[in-house]
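Asks: Start from the sequences and build out the full structure, keeping to the hints where you can.
2 protein chains.
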Amino acid sequence: MENRCENCIIRQFNSLRALNKDELKKVSDSKISKKIKRGEALFIEGQKLDGVFCVREGVSKLSKLSSNGKEQIVKLTNRGEIMGQRSVIAEDFTNLSATAINDMEVCFIPKEIITNTLNSNPYFSLEVLRHMAHDLKEADDVIVNMSQKTVKQRLAEAFVYLKKNYGDDEEGFLSLTLSRDDYANIVGAATESLIRMISEFKKKGLIKTEGKKIGIVEEETLQELADGF
Amino acid sequence: MENRCENCIIRQFNSLRALNKDELKKVSDSKISKKIKRGEALFIEGQKLDGVFCVREGVSKLSKLSSNGKEQIVKLTNRGEIMGQRSVIAEDFTNLSATAINDMEVCFIPKEIITNTLNSNPYFSLEVLRHMAHDLKEADDVIVNMSQKTVKQRLAEAFVYLKKNYGDDEEGFLSLTLSRDDYANIVGAATESLIRMISEFKKKGLIKTEGKKIGIVEEETLQELADGF
DNA sequence: TGTAATAACTGATATATATCATATATTAAA
DNA sequence: TTTAATATATGATATATATCAGTTATTACA
Chain A
1 MENRCENCII
11 RQFNSLRALN
21 KDELKKVSDS
31 KISKKIKRGE
41 ALFIEGQKLD
51 GVFCVREGVS
61 KLSKLSSNGK
71 EQIVKLTNRG
81 EIMGQRSVIA
91 EDFTNLSATA
101 INDMEVCFIP
111 KEIITNTLNS
121 NPYFSLEVLR
131 HMAHDLKEAD
141 DVIVNMSQKT
151 VKQRLAEAFV
161 YLKKNYGDDE
171 EGFLSLTLSR
181 DDYANIVGAA
191 TESLIRMISE
201 FKKKGLIKTE
211 GKKIGIVEEE
221 TLQELADGF
Chain B
1 MENRCENCII
11 RQFNSLRALN
21 KDELKKVSDS
31 KISKKIKRGE
41 ALFIEGQKLD
51 GVFCVREGVS
61 KLSKLSSNGK
71 EQIVKLTNRG
81 EIMGQRSVIA
91 EDFTNLSATA
101 INDMEVCFIP
111 KEIITNTLNS
121 NPYFSLEVLR
131 HMAHDLKEAD
141 DVIVNMSQKT
151 VKQRLAEAFV
161 YLKKNYGDDE
171 EGFLSLTLSR
181 DDYANIVGAA
191 TESLIRMISE
201 FKKKGLIKTE
211 GKKIGIVEEE
221 TLQELADGF
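Line by line, the protein sequences give chains A and B.
Position 221 of the first sequence, counting from 1, maps to 221 under full-length UniProt numbering, and the rest follow consecutively.
Position 211 of the second sequence, counting from 1, maps to 211 under full-length UniProt numbering, and the rest follow consecutively.
Take these hints with a grain of salt, some might be off.
Simulated pairs of lysine-lysine, BS3-like, Cα-Cα distance not exceeding 25 Å [what the hints assert, rightly or not]:
hint, chain 1, residue 1, chain 2, residue 2
1, B, 149, A, 152
2, A, 137, A, 61
3, B, 61, A, 70
4, B, 35, A, 70
5, A, 111, B, 137
6, B, 137, A, 48
7, B, 35, A, 75
8, A, 137, B, 111
9, B, 61, B, 35
10, B, 21, A, 137
11, A, 152, B, 70
12, B, 48, A, 137
No lab work stands behind these hints, which were simulated from the structure alone.
Replies: Now the structure itself:
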């Protein structure tokens, strides 16, 4: 029995660490491991979820499509995160779609287990609450950035964020490779505008590129740019 | 004993309704009623809160100031809402400032009561969780609107929202009177740009104005405009 | 392995919105 | 009430970013 939750380090990073042995056993017994290929959806906007996803490996984007076909990425998920809790807790349709950015390994946990545990274990509720409080703060920050920063500043910020959160390889390229389209949808700009800015950053020596791959060269300057200098 | 929480209808609208008699008594014994004048702050960005606020009367704006002095309003609070919970739960500094838009009456509840109850009463945690889930969804929606809608669309949406949430008076003017500056900070635009749009809406007969006051004339058209037609 | 499909890139131009300047109305204060 | 301070309004102009059109490079696939 290799892949039991009891032995899974991932849970240390999320609210599942508040579960006791019994609860954890129940989760482990009912969970379903899934592999999601790059580009595939975990769930889509407006769907009703009958459980949550615990991310063991890979990165996904949470996004929303507008009527004119433009996508806005609201958040990138990290390893160890639980996805879909908002919808399960509010007993609501999902307000966002989740799409794998690279190959993912997730565990699906049926909602009954989650809601039962929420009702009985206040520590678990509190943990979930803390995580959601964190998400809410980040969302507020994004709102402010969207209205007060230029696309250039947001792009600089995104680069610094990606390096900080997902690291880079031996050659100094970001480990998480996004398409130009994804970048545009994160900073909220037209793809062409964004490509132009990447070219500009490259010309100024702030970043380097090799095909899709992007490497952060002048992290501090990018940070300053993001902060408005 | 008039103003005891036990007799306060307001709590039916927020997570405090999950409290049992004993818990409610404790809250009531330790709460402090406060009157906040229009323009005064309940708390400011970066502060540490030693409690939460339960809004009995009045409206406040949650906002963040940027380095260049521009303010972004993230949310308007409603009667019955609890403010400051995110910060208390995450044991974190506030990420937003709260300022009274009109005269307010709030009850301050010390954080110990809140955290103790969160630890002992899973129903309360769950209620708080549901409210935060709702806030998070709204925040996500704002992010998407900020990036995908024009200022004009966002303004139209704001008018419809204000009418729906705060109603209007006998003469058809919005009950909640905001300054042009506040409007600009809600939709994330320069004040002059916003004023111009108000003039335009007025010219087209979508709204009417009388000094600061704004009345919604063509609600449906505004809604359509907000949705992109 | 070659060809189609898709993504990345660049240029020209249009447009929404910001900024600066200034006038008028409204509110606060002396 | 009169003056000062602040908010609202409008015009002219600048600027960031979107849009449209087209080219080159990559990737997928038959």
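Asks: Hint by hint, say whether it matches the structure.
Replies: Hint check results:
1. For the suggested pair residue 149 of chain B and residue 152 of chain A, the alpha carbons sit about 19 Å apart, so the restraint of at most 25 Å is met.
2. Between residue 137 of chain A and residue 61 of chain A the CA atoms are separated by roughly 18 Å; this keeps the pair inside 25 Å, and the hint holds.
3. Taken as a hint, the residue 61 of chain B and residue 70 of chain A pair is broken in the structure, with Cα atoms around 30 Å apart against an allowance of 25 Å.
4. Between the alpha carbons of residue 35 of chain B and residue 70 of chain A the distance comes to roughly 45 Å, so the proposed pair goes past 25 Å and is violated.
5. With a CA separation close to 19 Å, the supplied pair residue 111 of chain A and residue 137 of chain B stays within the 25 Å bound.
6. Only pairs whose Cα atoms come within 25 Å are accepted, and residue 137 of chain B paired with residue 48 of chain A is accepted, the gap being roughly 15 Å.
7. Proposed proximity of residue 35 of chain B and residue 75 of chain A is contradicted: the alpha carbons are some 38 Å apart, above 25 Å.
8. Among the hinted pairs, residue 137 of chain A with residue 111 of chain B is consistent with the structure: their alpha-carbon atoms are about 19 Å apart, no more than 25 Å.
9. For the given pair, residue 61 of chain B sits about 16 Å from residue 35 of chain B by alpha-carbon distance, which is consistent with the 25 Å threshold.
10. Straight-line distance between C-alpha atoms of residue 21 of chain B and residue 137 of chain A comes to about 32 Å, which puts the hinted pair past the 25 Å bound.
11. This hinted pair checks out: residue 152 of chain A and residue 70 of chain B have alpha carbons roughly 18 Å apart, not beyond 25 Å.
12. Between residue 48 of chain B and residue 137 of chain A the alpha-carbon distance is near 15 Å, which keeps this suggested pair within the 25 Å criterion.
Going through the hint list in order, the structure does not satisfy hints 3, 4, 7, 10.
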